[in-house]
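With the sequences and hints as input, model every part of the structure.
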Amino acid sequence: MKLKALGPNQTEVTFANGVIVLFSYTGAVAAYRPGVGYLVTDQFYSKTTLRHIEEWVGKHGSTTVSQDVLDHIVGGTH
Numbered sequence: 083m084k085l086k087a088l089g090p091n092q093t094e095v096t097f098a099n100g101v102i103v104l105f106s107y108t109g110a111v112a113a114y115r116p117g118v119g120y121l122v123t124d125q126f127y128s129k130t131t132l133r134h135i136e137e138w139v140g141k142h143g144s145t146t147v148s149q150d151v152l153d154h155i156v157g158g159t160h
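Numbered per the working numbering, the sequence shown finishes at 160, counting up by one with no gaps.
Just so you know, the hints here were simulated from the structure itself, not pulled from any lab data. In this text the structure is predicted, and so the values were computed from the model without any measurement. Beta carbons: idealized from backbone N, C-alpha and C, even for Gly. Check each hint, because a few of them may be wrong.
In silico SDA-like cross-links for lysine to any residue, where the CA-CA straight-line distance does not exceed 20 Å [what the hints assert, rightly or not]:
id, residue 1, residue 2
1, K129, G140
2, K84, V139
3, K141, G117
4, K129, Q92
5, K84, G100
6, K86, A98
7, K84, D153
8, K141, V122
Taking CB as the label site, the calculated pair distances span [said to hold, decoys possible]:
id, residue 1, residue 2, range
9, G117, P90, 27 to 35 Å
10, A98, F126, 27 to 35 Å
11, K129, A98, 29 to 37 Å
12, A98, L132, 25 to 33 Å
13, K129, G100, 25 to 33 Å
14, S128, A98, 24 to 32 Å
15, D153, G100, 14 to 22 Å
16, N99, S128, 25 to 33 Å
17, N91, G117, 28 to 36 Å
And the structure:
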């Protein structure tokens, strides 16, 4: 696992399996899964968190998923 600070209250965590998770403040709000693409939470946290997600995903496009899916990814069960 590799941690990378992206800015104030933004952290990117890269796992050995290639999954990358974006944390805004203390919550997992988006992820990149090889072969799947970018996943973003359906839960609204704040305008700032929304900006963090938009900047991280960029123009790649994403699929909106329930917060449970992201929590599951972080829990290590994919």
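Each hint, compared with the structure:
Distance hint between K129 and G140 is fulfilled; the C-alpha atoms sit about 16 Å from each other, no more than 20 Å. Between K84 and V139 the CA atoms are separated by roughly 19 Å; this keeps the pair inside 20 Å, and the hint holds. The straight-line distance between the Cα atoms of K141 and G117 is roughly 17 Å, inside the 20 Å bound, and the hint therefore holds. Taking the CA atoms of K129 and Q92, the gap is about 14 Å. The hint holds against a cut of 20 Å.
The hinted pair formed by K84 and G100 meets the criterion: a straight-line CA distance of about 11 Å does not exceed 20 Å. A hinted pair counts as satisfied when its Cα atoms are at most 20 Å apart, and K86 with A98 qualifies at roughly 14 Å. For the given pair, K84 sits about 18 Å from D153 by alpha-carbon distance, which is consistent with the 20 Å threshold. For the suggested pair K141 and V122, the alpha carbons sit about 13 Å apart, so the restraint of at most 20 Å is met.
As the Cβ distance of G117 to P90 is approximately 32 Å, the hint placing it in 27 to 35 Å holds. Taken as a hint, the range 27 to 35 Å holds for the pair A98 and F126, whose Cβ atoms sit roughly 31 Å apart. Under the hint 29 to 37 Å, the C-beta atoms of K129 and A98, about 33 Å apart, fit the expected range. In this structure the hint that A98 and L132 lie 25 to 33 Å apart at CB holds, the actual value being about 29 Å.
Between K129 and G100 the beta carbon distance is about 30 Å. The supplied range of 25 to 33 Å therefore holds. Under the hint 24 to 32 Å, the C-beta atoms of S128 and A98, about 31 Å apart, fit the expected range. In this structure, D153 and G100 meet the distance hint of 14 to 22 Å, their C-beta atoms being roughly 19 Å apart. Separated by about 30 Å at the C-beta atoms, N99 and S128 satisfy the suggested range of 25 to 33 Å.
Checked against the given bound of 28 to 36 Å, the beta carbons of N91 and G117, roughly 29 Å apart, stay inside it.
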